[in-house]
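Chain order of the listed sequences is A and B.
All residue numbers for the first sequence refer to this note's numbering, where the first residue is 2 and numbers rise by one.
All residue numbers for the second sequence refer to this note's numbering, where the first residue is 664 and numbers rise by one.
Just so you know, these hints were derived from the structure itself, not from any lab.
Nothing here was measured: the structure is a model prediction, and the numbers come from that model.
Heads up, the beta-carbon is just placed ideally off N, CA and C, and yes, glycines get one too.
Be aware that a few hints might be false.
[Stated by the list, open to error] Simulated restraints, written as ranges between beta carbons of each label pair:
id	chain 1	residue 1	chain 2	residue 2	range
1	A	299	B	668	34 to 44 Å
2	B	677	A	259	16 to 26 Å
3	A	230	B	669	47 to 57 Å
4	A	302	B	672	20 to 30 Å
5	B	721	A	63	21 to 31 Å
6	B	669	A	256	47 to 57 Å
7	A	299	B	710	17 to 27 Å
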Amino acid sequence: MFQALVSTASRLLSDLNRSLFRRPLPPAEEPVSFPERRAYQRLQRVVLTDQVCRTIFEEYAGHRHSTRGEEETGWVLLGLREADETVVLATLPAGAERSAGVAHVRFNAGAQALASRIVRLWDRRLSIVGVVHTHPGSLRHPSDGDFQGDRLWVSQLRGRDGIFGIGTADGETIPGTLIATQPRPHVQCLGELCMTWFALAEGDSKYRPMPVHMTLGPDLARPLHGVWEIIERHADPLDRLFRQQAGVTTEATNDALLVQLPLAQPYQRLRLVLERTRVRYLLHRGQDVIEVDPQANQVDHGVYLVLAELAGRHGTS
Amino acid sequence: MDFRPLNDTERQQLISALRGNAEGNRAILMDRRDTSFAGTTDEVTDDEVISAIKSVPCHY
């Protein structure tokens, strides 16, 4: 009898506790959503790092003195999209395999896509923020043809607002001038070379001048510019390797692109040395380096031949 | 050891972050002092960037 009373009292107390202190149950089905993107406003300014500025002016000057100097050229810009400004942190050149003439330029997007993978190993927040291209004459404004393409393209950008730089070589040259000037908030000039900056948002009927500011900082893609020819040659197979293999890293030297893949024991890594005329495959095991020749025409084919050989040796050992 | 339950807002943020990680490979940030959930980053996926690069229009 007493036990029954205690049991009943315990149950009542337990029920009371659940009634008074229970937490709300979660809804039966949570709404599916990705983390919310930040609220972007219309761009008010573009901030270029000093090395990005140097890259654009130096390479524009170099281009004009090259055998293709009469053609248009350009760069894709990678950067950080903040609430109302963009900080440009990397430049991806048009490439030697671009389609270009005196009145148009279409970039080699395959090489730029691979380069974006490499650069974004630094910072996954980097996104494409705009495009710079040059005009052969003195038109310091995007053309009507530019507008037709850009007005559709900007919908793919964060904030649906993009930066567009126009390079011209019509500046006033003052002998002895060593530094750049900024005659207007959206215009930079260094000698005869000028960069004029605009923005275009989704739904806009025209470009708007975009004040340009500078800060100290890198061009994260600049080390790749010296080996861009190699990047263009191997862009597709390297892009496949990046997508298929985790932990791929790269490093650019003066005359080669180094690509590393982590391996399981007993080897630590497979290093590819992509030079202008050949590709070397190096297996690292402790202090030992073993060169392998898989006799492959494409880099990804060579990598998988080496990996298959290593797997076969494991299977028989 | 503190087992404080998350409030509704924290819980929603964590669930969204976990979904973003599982479905979109987005990073989840951790407080280095106590390993607690510290939000997410403004990461952009490779697909988003490369799609934009490959659709850069011809310029004239």
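How the hints compare with the structure:
Under the hint 34 to 44 Å, the C-beta atoms of residue 299 of chain A and residue 668 of chain B, about 55 Å apart, miss the expected range. Separated by about 39 Å at the C-beta atoms, residue 677 of chain B and residue 259 of chain A break the suggested range of 16 to 26 Å. Taken as a hint, the range 47 to 57 Å holds for the pair residue 230 of chain A and residue 669 of chain B, whose Cβ atoms sit roughly 53 Å apart. In this structure, residue 302 of chain A and residue 672 of chain B break the distance hint of 20 to 30 Å, their C-beta atoms being roughly 51 Å apart.
Here the CB-CB span from residue 721 of chain B to residue 63 of chain A is close to 23 Å, well matched to the stated 21 to 31 Å. Residue 669 of chain B and residue 256 of chain A have their C-beta atoms about 54 Å apart, which keeps the hinted 47 to 57 Å range intact. For residue 299 of chain A paired with residue 710 of chain B, a C-beta distance near 23 Å keeps the hint of 17 to 27 Å intact.
Of the hints listed earlier, those the structure fails to meet are numbers 1, 2, 4, in rising order.
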